[in-house]
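Colleague: According to the numbering used here, the sequence shown is numbered sequentially starting from 1415.
To be clear, the hints were calculated from the coordinates, so they are not data collected in a lab. Beta carbons: idealized from backbone N, C-alpha and C, even for Gly. Among these hints, one or two may not hold up.
Unchecked claim - The calculated DSSO-like cross-link candidates involving lysine-lysine, where the alpha carbons are at most 27 angstroms apart (straight line), are:
#, residue 1, residue 2
1, Lys1564, Lys1531
2, Lys1564, Lys1652
3, Lys1514, Lys1495
4, Lys1652, Lys1631
5, Lys1633, Lys1652
6, Lys1564, Lys1514
7, Lys1531, Lys1487
What the hints assert, rightly or not - Label-pair distances were calculated between CB atoms; the ranges are:
#, residue 1, residue 2, range
8, Ser1525, Ala1580, 28 to 34 angstroms
9, Phe1606, Val1457, 29 to 35 angstroms
10, Thr1529, Phe1606, 28 to 34 angstroms
11, Asn1508, Tyr1467, 18 to 24 angstroms
12, Lys1486, Thr1620, 50 to 56 angstroms
13, Val1689, Gln1646, 31 to 37 angstroms
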Amino acid sequence: MKTKRFMYRLLLFTAAILWVDNVGAQRFSLPNEDGVTITYEIVGNQVEVVSDYQNTYRGTVSIPSDVTYDGKKYEVYSIGKLAFIYRDELTSINLPNTIKRIGTGAFSECSALATVKMSEAIEFIGERAFAECSLLESITFPNTLLTIGKQAFYGCNRLTQIELPASLTFIGDISLACRNITSVVSHIEEPFSTYAFGGGNTQPLTTATLCVPAGTKEKYLNTSGWEFANIQEIIPLKGDVNDDGTVNVADISSIITVMANEENSVDADVNGDGVVDVADIALVITIMATSN
């Protein structure tokens, strides 16, 4: 506990220095809809949430998608480095879909943080962004995410499942070295070398199951960092257009949407004839009828 207090005081001292170092940057503080004061820094026509040791964060904190300051409206696009580090009373964070970046150490060692509503537009998660968030039980990555920085989720040992989107191009060293992970689902078609899960005879490599896209198992086996003891290929469910694990009327709705928008969708082309039309709807109905 004494070590934690010392680290927190050191952080406050560091934050004060950062504030002085950024006196030239235009910063302002505003309450959100719940009355929680949040500090921002103007970056062009957008703003970034920044660290302010004077702010108190307890319970759930919701970041707004935009703020108005001095008569001008700004989009909130980023959570800055160390913005919420060591906030022991922060239990839940809601990030709007305008957030594209989470900076280094932004939520590191928030020991009570259990829930994160991730932005559906996030592209970058920085080094140690959520490191040592020991109560964090789940995290969802959208298919916009490109980078997970080094140690980003290191020590988040309540995480048991991780799903990696196909959009990822970089996963930093030991960023997902969480010892209680039992399942990793990767949608990455072309695996790249990574030390994200640790290495050698360590968890989760020795204990978790890795599920990979159909036809890619050999690629994963031959790529450094993916040496899981158990690797399985994901077998697509025919007719499951919306990829929710079942074939039902929602898949028919998805096909109709694709047809209405005149889109080209491999998933919606259920019969594989190169055209999305009523024949695909008929096949989904047949699959539904025969599976019951």
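Colleague: Indicate, hint by hint, whether the structure satisfies it.
Modeller: Tested hints:
{"no.": "1", "hint": "Lys1564 x Lys1531", "result": "holds (21 angstroms)"}
{"no.": "2", "hint": "Lys1564 x Lys1652", "result": "violated (37 angstroms)"}
{"no.": "3", "hint": "Lys1514 x Lys1495", "result": "holds (14 angstroms)"}
{"no.": "4", "hint": "Lys1652 x Lys1631", "result": "holds (20 angstroms)"}
{"no.": "5", "hint": "Lys1633 x Lys1652", "result": "holds (24 angstroms)"}
{"no.": "6", "hint": "Lys1564 x Lys1514", "result": "holds (18 angstroms)"}
{"no.": "7", "hint": "Lys1531 x Lys1487", "result": "holds (24 angstroms)"}
{"no.": "8", "hint": "Ser1525 x Ala1580: 28 to 34 angstroms", "result": "holds (33 angstroms)"}
{"no.": "9", "hint": "Phe1606 x Val1457: 29 to 35 angstroms", "result": "holds (30 angstroms)"}
{"no.": "10", "hint": "Thr1529 x Phe1606: 28 to 34 angstroms", "result": "holds (30 angstroms)"}
{"no.": "11", "hint": "Asn1508 x Tyr1467: 18 to 24 angstroms", "result": "holds (22 angstroms)"}
{"no.": "12", "hint": "Lys1486 x Thr1620: 50 to 56 angstroms", "result": "holds (54 angstroms)"}
{"no.": "13", "hint": "Val1689 x Gln1646: 31 to 37 angstroms", "result": "holds (32 angstroms)"}
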